[in-house]
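Engineer: Below are the chains, spelled out letter by letter.
2 protein chains.
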Amino acid sequence: MVDTSGIKLDAAFTQIQQDIDGVFDELLPVPNDTRRRLVEAMRHATMGGGKRVRPLLLVATAEMLGVARDPALRAACAVEAIHVYSLIHDDLPCMDDDDLRRGKLTVHKAFDEATAVLAGDSLHALAFEILTDERSFTDPFTRAELARTLASASGMNGMAGGQVMDMAADSATYDLPTITRLQQLKTGALLAASVEMGAILGKLQPEGRAPLRSYARDVGLAFQIADDLLDVEGDEETVGKAVGKDSEQGKQTFVTLMGVEGARNQSRALMDQAAGHLAQYGSDAALLIALAKFIVERDR
Amino acid sequence: MVDTSGIKLDAAFTQIQQDIDGVFDELLPVPNDTRRRLVEAMRHATMGGGKRVRPLLLVATAEMLGVARDPALRAACAVEAIHVYSLIHDDLPCMDDDDLRRGKLTVHKAFDEATAVLAGDSLHALAFEILTDERSFTDPFTRAELARTLASASGMNGMAGGQVMDMAADSATYDLPTITRLQQLKTGALLAASVEMGAILGKLQPEGRAPLRSYARDVGLAFQIADDLLDVEGDEETVGKAVGKDSEQGKQTFVTLMGVEGARNQSRALMDQAAGHLAQYGSDAALLIALAKFIVERDR
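Each protein sequence line maps, in turn, to chains Z and E. Counting with the numbering used here, you get residues 5 to 304 for the letters of the first sequence. Counting with the numbering used here, you get residues 5 to 304 for the letters of the second sequence.
Everything labelled a hint here was simulated from the structure, so no lab data went into it. It cannot be assumed that every hint is accurate.
Unchecked claim - In silico contact screen, one side only, chain Z against chain E (beta carbon under 8 angstroms); selected entries:
| id | residue |
| --- | --- |
| 1 | T8 |
| 2 | I11 |
| 3 | N36 |
| 4 | D101 |
| 5 | D103 |
| 6 | L104 |
| 7 | A114 |
| 8 | L122 |
| 9 | A129 |
| 10 | F145 |
| 11 | G159 |
| 12 | Q167 |
| 13 | R217 |
| 14 | F298 |
| 15 | R302 |
Every residue, glycine too, gets a C-beta built ideally from N, C-alpha and C.
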């Protein structure tokens with residue numbers, strides 16, 4: 005196993021958090037008309053919070069492949085914009101009805117529901133505005149490929165489809181293969197897209213992306229198992245959102261199906277497996293492997 | 005003025021309605037899992053209704069420039085997917101709270117609010133899935149340009165931004181230039197994008213698109229003035245949605261600012277002006293000009 009002791013993951017997170025905040029600040033100037041409230045809501049949701057796991061996955065993959073940081077950060081902001089729009093809509097009263105997100109009020113609480121719907125929609129569009137901007141990526145094939153990857157990861161065959169399956173989980177009784185499929189769509193697709201987009205920026209051909217895809221699939225599943233564990237064992241203040249909701253709602257999760265210890269062992273096995281897929285990259289993969297470890301062991 | 009008497013606009017509308025329904029039917033197979041409800045909601049919203057003005061604008065522009073119908077229909081479905089997602093979200097209880105759309109129940113009434121939010125989000129993503137699919141458009145520059153045009157027309161500097169300004173219009177007192185700007189964003193941006201995307205498919209360079217852009221700007225404004233007139237004078241059953249809502253809400257519209265006759269004259273002047281911009285295309289522009297006339301004179 006690659007030695008990750010030299011990786012300063014805290015510093016990498018701090019840096020990506022600053023960088024992503026910086027790009028959103030630049031992308032979201034507050035206009036001098038009645039759209040002010042919309043853009044303020046978009047800034048509230050995108051800036052000054054969040055672990056930025058997806059941006060770090062994308063930037064770390066790109067960095068491993070020798071891509072300059074600036075275009076990688078742009079692509080990372082597009083992924084984060086999609087993630088944040090989904091959180092805003094997910095938190096709405098008609099969905100999960102949450103008041104707290106990333107330690108702050110949710111958008112519909114800090115603003116209002118209509119603004120939350122439209123701020124989510126505007127962030128959704130912003131993601132594709134970023135990816136198709138020739139100032140971000142000069143090569144049209146790269147722009148089209150990045151946009152294609154993110155669109156298919158976020159729609160009905162990705163994140164949004166997974167959210168629908170998750171909503172239906174309250175009434176349906178799902179077994180482990182179904183829960184796995186659900187989570188691959190709901191969370192896994194966007195995590196995988198982050199890695200894939202780093203590989204696209206690194207000009208890897210689809211067949212050359214296979215090891216990174218396998219890494220991303222395992223990390224995605226480990227991420228969700230860790231999330232289910234946090235819902236059972238996490239501290240609300242540290243996690244930054246409500247915990248214990250799954251069991252309150254009687255939902256099937258990896259933890260209800262495998263038990264706490266089983267789930268923890270499974271997520272660690274996935275982490276080892278994920279690291280194994282990156283063997284060909286040697287010590288260049290140290291940051292991605294450290295990130296996989298963090299995802300499994302995190303308390304937030 | 006170009007003779008449009010040979011144009012069978014009714015037949016063109018019937019054909020585009022059938023074609024767009026056909027492409028959505030192909031793009032939205034009902035899955036055999038708990039995403040079924042989501043996809044059924046997407047089908048409810050996209051198929052079997054709507055005038056398809058935006059698709060016809062796009063396809064007519066493309067046809068005038070010698071583009072094959074199949075790729076034009078794909079791009080047209082992407083625009084329509086964005087339009088329909090915006091209607092679904094606009095109809096939500098926290099927004100306009102409408103029960104009726106295109107003569108059918110709105111999505112949150114026929115299904116539920118959460119499904120409506122996610123069906124809108126999924127259609128939003130679908131638009132970019134279509135545009136970045138290399139099976140639709142082989143040239144990567146075309147894919148990236150189409151996606152860029154649609155993303156910027158639908159986000160905070162386009163449709164969504166216009167919707168926010170429209171919501172604020174209930175409390176703010178807008179003058180004519182502000183209402184014009186609002187409508188250019190809310191409705192005009194997507195109508196203009198439809199024409200622009202036809203021009204992109206026709207391989208017109210940005211400088212060569214100027215006459216078509218001018219046509220689209222005038223048509224967009226005329227469209228909204230006609231919409232405001234319908235809200236005052238239209239028949240709910242023919243229009244297919246609630247009428248009289250603007251005045252109930254005490255909103256400023258083109259009609260309140262210009263009067264019924266003033267608004268009607270203005271929309272006719274815009275139609276003549278729109279037709280004038282297409283002089284260089286001679287009789288090839290007959291369908292686009294007939295469409296501009298329809299937009300001004302429509303009763304639905």
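Engineer: If a hint holds in the structure, say so; if it does not, say that too.
Structural biologist: To see whether the hints hold, each was checked on the structure:
no. : hint : in the structure
1   : T8   : 35 angstroms, violated
2   : I11  : 34 angstroms, violated
3   : N36  : 12 angstroms, violated
4   : D101 : 10 angstroms, violated
5   : D103 : 16 angstroms, violated
6   : L104 : 19 angstroms, violated
7   : A114 : 15 angstroms, violated
8   : L122 : 5 angstroms, holds
9   : A129 : 3 angstroms, holds
10  : F145 : 4 angstroms, holds
11  : G159 : 3 angstroms, holds
12  : Q167 : 6 angstroms, holds
13  : R217 : 19 angstroms, violated
14  : F298 : 29 angstroms, violated
15  : R302 : 27 angstroms, violated
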